[in-house]
Structures are given as structure tokens and as C-alpha cells.
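Enquirer: Letter by letter, the chains look like this.
Protein chains: 2
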Amino acid sequence: MRVYYSEHHRAHFPQGEISEGLMVTPFERPSRMEFILARLQERAFDDIMPPDPVDMAAVTALCDPGYLSFLQTAWDEWKAAGNAGELIATSYPVRGMQQSRPPLSIDGKAGYYCMAAETSITQGTWHAAQWSAACAQSAAAHVIGGADAAFALCRPPGHHAAADLYGGYCFLNNAALAAEQFRSHGAAKVAILDVDFHHGNGTQDIFYDRDDVLFASLHAAPEYEFPYFLGYADETGQGAGEGGNANYPMPPGTTYDVWQNALDTAIARIGAFEAEALIISLGVDAYKGDPISSFKLDSADFIDVGRRIARLGLPTVFCMEGGYAIDHVGINTVNVLEGFLNR
Amino acid sequence: MRVYYSEHHRAHFPQGEISEGLMVTPFERPSRMEFILARLQERAFDDIMPPDPVDMAAVTALCDPGYLSFLQTAWDEWKAAGNAGELIATSYPVRGMQQSRPPLSIDGKAGYYCMAAETSITQGTWHAAQWSAACAQSAAAHVIGGADAAFALCRPPGHHAAADLYGGYCFLNNAALAAEQFRSHGAAKVAILDVDFHHGNGTQDIFYDRDDVLFASLHAAPEYEFPYFLGYADETGQGAGEGGNANYPMPPGTTYDVWQNALDTAIARIGAFEAEALIISLGVDAYKGDPISSFKLDSADFIDVGRRIARLGLPTVFCMEGGYAIDHVGINTVNVLEGFLNR
Chain W
1 MRVYYSEHHR AHFPQGEISE GLMVTPFERP SRMEFILARL QERAFDDIMP PDPVDMAAVT
61 ALCDPGYLSF LQTAWDEWKA AGNAGELIAT SYPVRGMQQS RPPLSIDGKA GYYCMAAETS
121 ITQGTWHAAQ WSAACAQSAA AHVIGGADAA FALCRPPGHH AAADLYGGYC FLNNAALAAE
181 QFRSHGAAKV AILDVDFHHG NGTQDIFYDR DDVLFASLHA APEYEFPYFL GYADETGQGA
241 GEGGNANYPM PPGTTYDVWQ NALDTAIARI GAFEAEALII SLGVDAYKGD PISSFKLDSA
301 DFIDVGRRIA RLGLPTVFCM EGGYAIDHVG INTVNVLEGF LNR
Chain B
1 MRVYYSEHHR AHFPQGEISE GLMVTPFERP SRMEFILARL QERAFDDIMP PDPVDMAAVT
61 ALCDPGYLSF LQTAWDEWKA AGNAGELIAT SYPVRGMQQS RPPLSIDGKA GYYCMAAETS
121 ITQGTWHAAQ WSAACAQSAA AHVIGGADAA FALCRPPGHH AAADLYGGYC FLNNAALAAE
181 QFRSHGAAKV AILDVDFHHG NGTQDIFYDR DDVLFASLHA APEYEFPYFL GYADETGQGA
241 GEGGNANYPM PPGTTYDVWQ NALDTAIARI GAFEAEALII SLGVDAYKGD PISSFKLDSA
301 DFIDVGRRIA RLGLPTVFCM EGGYAIDHVG INTVNVLEGF LNR
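Order-wise, the sequence lines are chains W and B. Residue 1 is where the first sequence starts when you use my numbering, and the numbers rise one by one after that. Residue 1 is where the second sequence starts when you use my numbering, and the numbers rise one by one after that.
Everything labelled a hint here was simulated from the structure, so no lab data went into it. It is possible that part of the hints are untrue.
Said to hold, decoys possible - Computed list of lysine to aspartate or glutamate pairs in DMTMM-like fashion (alpha-carbon distance at most 25 Å, straight line):
| id | chain 1 | residue 1 | chain 2 | residue 2 |
| --- | --- | --- | --- | --- |
| 1 | B | 79 | W | 77 |
| 2 | B | 296 | W | 77 |
| 3 | W | 296 | W | 20 |
| 4 | W | 79 | B | 223 |
| 5 | B | 79 | W | 223 |
| 6 | B | 288 | W | 77 |
| 7 | W | 296 | B | 77 |
| 8 | W | 288 | B | 77 |
| 9 | W | 79 | B | 77 |
Only chain W is shown next, with the shape it has when bound in the complex (with noise of 0.2 Å):
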């Protein structure tokens, strides 16, 4: 299976977290990418290709301009306003506040564009979140042409983006971005299929009111687990889109035997929908040693997930998302790209 990946990912590399009220290094760091290359490599996954340069015209299409607009400045305005640290949102428009006015000044747009604080923009993180786009673009593309499937090694993620919302380490959908691009390539139907211990709330945003594009998400349960306000089983799309959306939210603590029997419905639903290729937001934060997760998967299960997808027998990009247990990240990732190729 070929892998896309830029070494670019690094541009994006914020020093500070808000994790329990403190500032910490945060979890979503680079090394992650180098315990997953090399687990990549001990496991003769050779066809290692750095990406096309990003689409833009196709991130164009899914985003709000003023988001992009946001994110192509937001740095540089930051700096010229003065700002010492890095850019972090501490303002929302929540309940009862303006919900559609963007403010002028750098603090109030940063707010008015993401949904969790968590999440710092530095100097190069928009230089990153164009890479990162372009792998899933060049695995697209490189199953598009026939290819069975392709892995995005994708940093920083992008399942918590919508078109207009940064937050939960995202800035672009790239999974979105992926099937958007099987759709424009004359697929009917795209499934993505979202693996990730957190909700994709922003992937379910971006399709909610479409019947082409069907997500279903298997994560820990919104009352417990970020993001907390999307991500319920009630939510099932609207308009067109009414039943094209599938939330499988689980309690913390959820052990494999549990998780797969949600694997095999939302697998069930993906065939039925007769999708003409499938998108996998391939997180492996349900490990059980992930460090800010509570689900319970071995490394083992992992190859399980892999073997289980590969029964949809669909063309498919696995796009890298979330796994922040640094020395088990490569093996749970290779594992299920070993599992779907072991099929």
C-alpha cells in the first residue's frame, strides 16, 4: 500500500497545550509521525511518496473563504497585533451572542473560527495544513487511478475541521477533502468511515445535508468525551441528507467486544448505502494506553479493524487522525493497514 506523506508536518509544532488547566507540551506533536514511519518501515511498507503539492481549488470549494482567509493570515496578524505567545482562541460565540458577525481584530476572528482552545496556531501551521490536505489529495488521486487503497499520513488531523471551524488539532478536513475528490472523479457514493476515539464532528458538519457522502463514527460519547457538542446517536442528517449520517457513541471504558459489534453495523450500513469508495479517518486513539482516551483496544484488535474493513472489498484512503500513546502509535496504525491488506 502506498503511503503519502511531507515532511512539511513539522512547520506545525506548538509548545503549548491547555490540558487540565495547565499549559503542557501538547499531545499532538511530530514525533508521532516518526513511530509511525518507522513501524511503517520495519513492516516493508516501502512505497513511501511525499504528496502533490495541495489542491487548492479543492480546499477552496469545501471551505468558508473567510475561514481560509483566517487561516492564511491568522498568524502574521497575531504577531503584528503585538501577541507574544502563540495564537490561542479564548473568546466564543456561544449561546445568545452573535453567531454569524466575524469580528475585525485577530483575537475576536480566532474565536469566531474555532470550537476549542486546545488548539494553538503557530508560525507554520498553515504551511502544515496544506500538506497535510495534500496527502490525502495524492492518496485519492493515486486510488482514483486504480490503485486499491492508500494511506495519508496526514499531521496535523483534520476529522474535527469543518468548513469554517478549527479546533481538536484540525484546521482541513482532510478525509472530507478525499471524498470530495472520489465524488468529483465520478463516484456516485462515498462512505467515510470514521475509527477515531473522538466524534468527527466537523467531517458530519460538512455532509450532514447531502445523500452522497455517508459518515458513520465510532467514538466515545459526547456526554463524556470531546467534543461534547456533537456527536449523538439522534443525529442522523438532514434535508437530502436525512439518515446519511451514523453516530455510534460509546461509554468511556468501552472494551473491543463492544467496539467491534459498532465496526460490523456501521460496516453493514456502508454496504448497503452501496458506496463506490471509502474513506477510513483512521485514528488509534482507542488504544487502550492512549493518554488522553478511555476506550479500551488492544494493539492486537487494531489488525482486526483492518481485516473487518477490508470485507467492504471498496477502493480506500486511510487518512491518519488522532493516537497520542507515542510508543504504540506505529504498531496500532500499521496494524490495521496490515489487517486490510491481510484480508
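Starting from the structure of chain W, add chain B where the hints point.
Expert: Relative to the frame of chain W, chain B by itself:
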């Protein structure tokens, strides 16, 4: 003029505030009170009293029950969940997300009830917030009992707190509690004049659909300054409250000649409303030396502010809000009171 002040404010002393992307000592700190007290004593305001304990029935009548329950147990839940630092909310229910489903975990709940991440909750926050509200309640009772005016030296401040939201250093809306107290003691109409540099979004939200409480606010334009998502001039009230909300947003750098014109307009508006009592949300961060604000009022201007407010001739309760230029917060605050007294 009698002053109500409680030493219990010291229980709320967060060690950290996110500012400019860094964790800094909060601008809203206990020593603000010491400077105001010192200046009060220097200028012979000798009638400084501790308030009666908070009237929780009035607080309960004003606030969302889930929000009050959250405030009461937030710190214990935060520590029971094993969090190392102070409670800082990081995930927010912004547009496109669930607006009316409070999560069950403490970090989710905090985000649900918060509008800005600069505000930490600590062990003593709820205790201090109650005593701050008590100051406003005792000051209102004193004026209801016949005094011309009283000063509630509230800390933490209140005007950013809605019935179900904290943030901007605020937890309970002291000014709103004072206004409601006049209403429940026979005043048909009450006006709240907010002269803090920042828009009193919480107060506006509480009275937005009511015709018995006029809210008028002079503040920095939300396009440029906190709270960013409320405070526009076209927010004029709704339903029965249409016309009962008057915002006077002004650009960064506004000087007293412009500000004073807005004040006169607001005062005329209050006069025409035929209010029977007046609450002043007394922030003095319009001062030119304020570290987090951008207006250009000089200390002497605050005397004139008090003098103009006095022309309304209404029973008046001053509730302390913001003001972060430590070495001038006492002078500026007391200048307003002296201008009022020497009408």
C-alpha cells in the same frame, strides 16, 4: 455613600489566565480591591460595611438551575476527575453544534456554561461569587431602604455573566441582581447603565426581552474588543423588550469628548425611560492606562462621569465591574463616586 465590601472575594484568586497565548497572572486579581479600598479611605468614605449573606432565592430566580448547580460543584468535580490545574474550559458549543445538551463530564460542562477561556474556576470561586452578589444585594437593600446611593465593591465582577454563562472574569451578574431587587420591591422600571470598557453581554442577555429593565452600555465595538460577539448598536431588544436595549459601541482609541457624548445620549435615554432606580455597572477600564483596554479617558474624566450620572437624580447602586490599571483603579473608581456626590 455607604460601601459594601466583603473580604471573601480573596477566596477567588486564580493563578493563571490565558492571555496572548501564554499563561499569565490574571489581570482581575484581589489587589484591585486593596487599591480601591485605600483610595476610599483616603477620600473619607468611612461607611464601609460587610454585606449580609447572599439571598440565594434571588440568585436562583435569576439564573439557570443547571448553571448554578455547575458553579456549586465545578471545583470538586474537576479535582475528583484528577485534573492537576485550575478549571479552564476548552471546548465550546459553537455554531453547528448541540446548543442545549449539557455534557455530564466536568470539562464538557465547563465548556457548556462558559463563553471565554481566560476565566479560571478555583476552589474559592463559588464562595467569592456569592459574597460579591451579596454586596450588590445589600447595596440595593440600602438604597431601597431610603439612601440616595450605595457602592457595591463587588469582586468577582458580574456583567459578562448571563443566566447560564460565565466568562470575562464574571460568574453571577451582580448588576442584574440589584436591578431585580428594585423590581421586586416596587420599582416599575429600572435602568442599568454600563460604563465598563467591555460590553455587558450578560446583562443585555438577561433583560433582552423585557420592557421593565432598560440596559444601556458604553463600550468598545465588538468587532475589535472582548466579548466580540455581542454589543452591536443594532441589538435593540426583542419581543416586549424591543427598544429596551441601547448599545453605544465606540472604536479603539476613543477619547473622552466622544465617550461623553455617548454618555449624555445614554443618560437622556434613561431619563426618557422614566426609571425609578439606576444601577451603574462601574468598570473603570476606559482609563487610558488600562493594560487590556484601548480607550483614552483620563482620571479627571471619571469625576465628570459621576457628575453627569447624578443629573438623573435617581436612587443609584454602583456595582464594581472591571478596571485593571492597578495603580489607578482606586482613583478612577472613587472619582466617579465623588463626582456623583458633588453633583
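Enquirer: Hint by hint, note whether the structure agrees.
Expert: Now for the hints, and whether the structure bears them out:
For the hint pairing residue 79 of chain B with residue 77 of chain W, the CA-to-CA distance comes to about 37 Å; that exceeds 25 Å, so the pair is violated. The suggested pairing of residue 296 of chain B with residue 77 of chain W holds, with an alpha-carbon distance near 24 Å, which does not exceed 25 Å. Note on residue 296 of chain W and residue 20 of chain W: the hinted pairing holds, with a Cα-Cα distance of about 22 Å set against a maximum of 25 Å. A C-alpha spacing of about 18 Å is found between residue 79 of chain W and residue 223 of chain B, which places the hinted pair at or below 25 Å, so the restraint holds.
Between residue 79 of chain B and residue 223 of chain W, the direct Cα distance comes to roughly 18 Å. Compliance with the 25 Å bound is thereby established for this hinted pair. Between the alpha carbons of residue 288 of chain B and residue 77 of chain W the distance comes to roughly 24 Å, so the proposed pair stays at or under 25 Å and holds. The hinted pair formed by residue 296 of chain W and residue 77 of chain B meets the criterion: a straight-line CA distance of about 24 Å does not exceed 25 Å. Distance hint between residue 288 of chain W and residue 77 of chain B is fulfilled; the C-alpha atoms sit about 24 Å from each other, no more than 25 Å.
A threshold of 25 Å between alpha carbons decides the hint, and for residue 79 of chain W with residue 77 of chain B the separation of about 37 Å lies outside it, so the pair is violated.
Violated hints, listed in ascending order, are 1 and 9; each of the other numbered hints is respected by the structure.
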